[in-house]
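Asker: In case you want the letters, here they are:
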Amino acid sequence: MNRKIAGILLSLVMATTMMPLSAMAAQQPVPNSVGSGGIITPFWTNTALARANISVSGSTVKPSAYIKAKSSSTNIEGTLYLEEKSGGSWEEISSWEISGTGTLTVAKSYMGSAGTTYRARAEVSVGGEYVECVSASCET
Amino acid sequence: MNSDAVFLKSVFEKSIIERGTDAMASISQAEAVIVDIEELTRKILALPEYMQSLLYAKYIWNLESKASEEIFSVHHAKQKLQYAKSLLAYSLRLTDEQVITDHCMEQATQSAIDSYMKNIGSEVAIKKPQYSDEFKKQLKEIKAAQMNNKPLSLKRVGIAIAAAILSFAMTITVNAELREKFISWLVETFPLFSQFTSVGEVQPNRSDFERLRNMKLNYIPKGFTYISLFEAEPMLVYNYEDSSGKSLSINASLSTGSPILADTEDTQVSEIIFNGQLAYWWEKDGLCYFIWQQDGFELNIVGQISHEEAMKIAKNIQI
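Read top to bottom, the protein sequences are chains A and B.
Letter 119 of the first sequence, counting from 1, is numbered 119 in our numbering, and no numbers are missing.
Letter 165 of the second sequence, counting from 1, is numbered 165 in our numbering, and no numbers are missing.
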């Protein structure tokens, strides 16, 4: 009986200690991709940092992006997309042309639907260099 | 079943259901592959009983998932069946884009149930002994006497240690603040850039962003003047520039799990402990990068400044 209890306890210990690790593993995107299923950039000569972000307030979804070039005179231009999860894949539902010089910061607003999962994706050219970044997903 | 086991069971079950759902989403594009029937049969017999039942119901008796749910009192039979099939495919070294053919599944499940049926009736039934009340009373007294004299055994020590580890693991799992000290950044390094994703369980809310908006940058390197502030939940970006055109940007964000992509090609990224948390810094192409967390917020500095200046800025940020 004691052996059985010890066996059960050890199984629970192993299972529980694996839980945070599996949570981390679940967040890992597919290797060789940006965010979730994005495209690897061919080179990063002009780009210092890129980040897409997203927030939700009620049904209002706010995608945003922050792109920083290495030089303050580098042109940055591209598109900010808002995507909605549909049947296991992401569908573009809205997009905005974005641009800046040296540093690009942009935020948009979209009236979403309740119970829907969204994410932001930015595709930009930083001085001719292609960069794509994807935010985490959030649900309204 | 006690509350801890109920909690764990629900977590595993949820994981199986989610993975089964994910597997179902990609099945139409998968390649059906023929596998060794004997090996597949062995794998099926190694599965938990309820998964075997779902497979037999599907491939031998052609029952739909709904019927299986009613017969075996199993919820989410469709997802669990898909999970079982994915597990079998994985155990047979198939890739994520491959599935076992239905014909192989039919043959192997038939073989498995044949093997199972052969073993029925071969167990020796052990009758539970019937003790008299008098004997049970005597047994109780003997046991009580033994408990007081029993020396502390290695087995008991092991159980106590396991219980302590279990308590710690449960605490760290449910206590976000405590876990924050042990799980900080998930860093993935690709050939040309690195991706920094915070994996803490902090759930941002409106008052957090208000707090971020009120943050104070109590130190900016000499010569840098304020250019602009970008403010849009969940992040802020402060921009500075000096007279020679050197730039400095400070980004603060709620912890949303959105990754930061930064140029780390051919660069050694240094890990340090900053404010009790894991932080990263490196220098490349005349820029200094510093990424860290503070009170559950994600911050980073990118600027044409030295590492020492970046650290000084970070140390003087008040949130």
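Quick caveat, the hints were computed from the structure, so don't treat them as lab data.
For each residue, glycine too, the CB sits at the ideal point set by N, CA and C.
A couple of the hints might just be wrong.
As the list claims (entries may be wrong) - One side of the interface only, derived from the structure: several residues of chain B facing chain A at Cβ under 7 Å:
1. Pro234
2. Glu265
3. Gln268
4. Val269
Asker: Would you mind marking each hint as holding or not holding in the structure?
Answerer: Structure-based check of all given hints:
Restraint check, Pro234 of chain B versus chain A: the minimum CB separation of about 4 Å is within 7 Å; hint holds. Given hint, Glu265 of chain B at the interface with chain A, holds; its Cβ is 6 Å from that chain's nearest Cβ, closer than 7 Å. With a cut of 7 Å, the hint placing Gln268 of chain B at the interface with chain A is violated, because the nearest CB-to-CB distance is about 16 Å. A distance limit of 7 Å between C-beta atoms decides the matter here; for Val269 of chain B the minimum to chain A is near 13 Å, and the interface restraint is violated.
When each numbered hint is compared with the structure, violations occur for hints 3, 4.
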